[in-house]
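Engineer: Sequence:
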Amino acid sequence: MTENYQEKLVFQVTNEEVILPEPETDKIIFQVSGKQYLKYIRWKRKIEERIAMQELETGKRFFDGEKLSQNQLSKLRKQLETGKIEVYYGAIEEGYVFTFYPTSIVNIVKIKHTLTGDEIDITDYDNL
11 MTENYQEKLV FQVTNEEVIL PEPETDKIIF QVSGKQYLKY IRWKRKIEER
61 IAMQELETGK RFFDGEKLSQ NQLSKLRKQL ETGKIEVYYG AIEEGYVFTF
111 YPTSIVNIVK IKHTLTGDEI DITDYDNL
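Note that the numbering used here has the sequence shown beginning at 11, numbered continuously upward.
The set of hints was computed from the structure by calculation and includes no laboratory data. Keep in mind that this is a model prediction, so the values were computed, not measured. C-beta atoms are modelled at their ideal positions from N, C-alpha and C, and glycine is treated no differently. A hint or two may mislead.
Unchecked claim - Calculated lysine to aspartate or glutamate pairs in the EDC-like style (CA-CA distance at most 16 Å, straight line):
{"#": "1", "residue 1": "Lys88", "residue 2": "Glu104"}
{"#": "2", "residue 1": "Lys54", "residue 2": "Glu129"}
{"#": "3", "residue 1": "Lys54", "residue 2": "Glu104"}
{"#": "4", "residue 1": "Lys94", "residue 2": "Asp136"}
{"#": "5", "residue 1": "Lys49", "residue 2": "Asp134"}
{"#": "6", "residue 1": "Lys54", "residue 2": "Glu96"}
{"#": "7", "residue 1": "Lys120", "residue 2": "Asp131"}
Unchecked claim - Label-pair distances were calculated between CB atoms; the ranges are:
{"#": "8", "residue 1": "Pro112", "residue 2": "Thr68", "range": "39 to 47 Å"}
{"#": "9", "residue 1": "Gly69", "residue 2": "Ile115", "range": "47 to 55 Å"}
{"#": "10", "residue 1": "Lys88", "residue 2": "Asn137", "range": "37 to 45 Å"}
{"#": "11", "residue 1": "Ser114", "residue 2": "Leu83", "range": "45 to 53 Å"}
{"#": "12", "residue 1": "Lys94", "residue 2": "Thr126", "range": "13 to 21 Å"}
{"#": "13", "residue 1": "Gly69", "residue 2": "Gly127", "range": "19 to 27 Å"}
Model the full assembly from the supplied sequences, consistent with the hints where possible.
Structural biologist: Okay, structure coming up:
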């Protein structure tokens, strides 16, 4: 006889039973503070500005090396002037990997740019 998911679903994890919550709440959510988010956004803007400038200099898209048209280069110049840069990442649309390491003391949060390899640690060590 199969038990209903809502009634009981148990996994063995390090010899302890873990009962999963109702389907509507079976989520793991990681959050960052406003201070951490601001640190990420500033870092992201620097990287994307660097990529846009390189694309202007080379005339090629950073993501795949495709030659940019005059229209695309003009659009890129305008983005740099306004500070609203839109880097092309292909089908994935974003070039960042977020890694969360929950510990008993602090949630370690690291972000890596997939194309440049740049990394940042936005962990809030000040609130330990």
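Engineer: Look at each hint and say if it fits the structure.
Structural biologist: Hints and how they fare:
{"no.": "1", "hint": "Lys88 to Glu104", "result": "21 Å, violated"}
{"no.": "2", "hint": "Lys54 to Glu129", "result": "10 Å, holds"}
{"no.": "3", "hint": "Lys54 to Glu104", "result": "11 Å, holds"}
{"no.": "4", "hint": "Lys94 to Asp136", "result": "31 Å, violated"}
{"no.": "5", "hint": "Lys49 to Asp134", "result": "10 Å, holds"}
{"no.": "6", "hint": "Lys54 to Glu96", "result": "11 Å, holds"}
{"no.": "7", "hint": "Lys120 to Asp131", "result": "4 Å, holds"}
{"no.": "8", "hint": "Pro112 to Thr68: 39 to 47 Å", "result": "41 Å, holds"}
{"no.": "9", "hint": "Gly69 to Ile115: 47 to 55 Å", "result": "49 Å, holds"}
{"no.": "10", "hint": "Lys88 to Asn137: 37 to 45 Å", "result": "40 Å, holds"}
{"no.": "11", "hint": "Ser114 to Leu83: 45 to 53 Å", "result": "51 Å, holds"}
{"no.": "12", "hint": "Lys94 to Thr126: 13 to 21 Å", "result": "20 Å, holds"}
{"no.": "13", "hint": "Gly69 to Gly127: 19 to 27 Å", "result": "23 Å, holds"}
Checked against the numbered hints above, the structure breaks hints 1, 4 and satisfies the rest.
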